Amino acid sequence: SQKIEQNSEALNIQEGKTATLTCNYTNYSPAYLQWYRQDPGRGPVFLLLIRENEKEKRKERLKVTFDTTLKQSLFHITASQPADSATYLCALASGGGNKLTFGTGTQLKVEL
Amino acid sequence: DVKVTQSSRYLVKRTGEKVFLECVQDMDHENMFWYRQDPGLGLRLIYFSYDVKMKEKGDIPEGYSVSREKKERFSLILESASTNQTSMYLCASSAPVELTDTQYFGPGTRLTVL
Chain F
1 SQKIEQNSEA LNIQEGKTAT LTCNYTNYSP AYLQWYRQDP GRGPVFLLLI RENEKEKRKE
61 RLKVTFDTTL KQSLFHITAS QPADSATYLC ALASGGGNKL TFGTGTQLKV EL
Chain E
1 DVKVTQSSRY LVKRTGEKVF LECVQDMDHE NMFWYRQDPG LGLRLIYFSY DVKMKEKGDI
61 PEGYSVSREK KERFSLILES ASTNQTSMYL CASSAPVELT DTQYFGPGTR LTVL
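Those sequence lines, one after another, are chains F and E. In this text, residue positions in the first sequence follow my numbering: the first is 1, and each later residue adds one. In this text, residue positions in the second sequence follow my numbering: the first is 1, and each later residue adds one.
I should point out that these hints are in silico values taken from the structure, not numbers from a laboratory. Some clues are possibly wrong.
As the list claims (entries may be wrong) - Here are the computed lysine to any residue pairs in the SDA-like style, where the Cα-Cα straight-line distance is at most 25 Å: (1) F:K59 with F:Q2; (2) E:K71 with E:D28; (3) F:K3 with E:S75; (4) F:K99 with E:S75.
Bear in mind the structure is a predicted one, so any value in this text is a computation, not a measurement.
With the rest of the complex left out, here is chain F:
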């Protein structure tokens, strides 16, 4: 069956360091992969999309890589700030019909 895995343990890093979050998937052949940010008690917010033919995508301090051979995406936040503290979800299209399946998310805490 299709599965998306994100590290369920929170990631704690110091301000200014680069945070790297991992999304692994099995039994998918996605045309693209998306990353969302979710703050406590709020709905997820779309951040970035990367297509299968793109190795890397950047947006300001964010960078996403996509390795379809390893079936893995890495999400990097450079020069991290306390305001980056949130849960980050990856999502893949599933079953057609514009549906997405979301990973359970990884909580990032950036400390001063």
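Take the given structure of chain F and dock chain E to it, following the hints.
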């Protein structure tokens, strides 16, 4: 900017009550979705709709129904609320024309069933 609104941020109901959760989007999106989110389980799809009066079951439809009479509005109905339906409910919308399935979420409704 896409705006998705949900009728309540917090809701407390009693077991057996009929509960209506409403979602409205202002970007003329064809697709609308209802999820519930629980710790450790992530977002789980309850129902989705491709168009007015169209609906399809998601992964966990039991105990829920939906209604979409107008394009901008998608309602989730708990026919007889139970304590195991205590959860965060999230509505989302997307536009097929974007070809990327990017979803825009509302702020969520925290439902507690006593």
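Status of the hints after comparison with the structure:
1. Our distance criterion of 25 Å between C-alpha atoms is broken by K59 (chain F) and Q2 (chain F), whose separation comes to about 29 Å.
2. Proximity of K71 (chain E) to D28 (chain E) is assessed by CA-CA distance (about 7 Å); at most 25 Å being required, the pair is judged to hold.
3. In summary, the hint linking K3 (chain F) to S75 (chain E) is not supported, as the alpha carbons are separated by about 29 Å, beyond the 25 Å threshold.
4. Straight-line distance between C-alpha atoms of K99 (chain F) and S75 (chain E) comes to about 18 Å, which keeps the hinted pair within the 25 Å bound.
The structure does not agree with the numbered hints 1, 3 stated previously, though it agrees with the rest.
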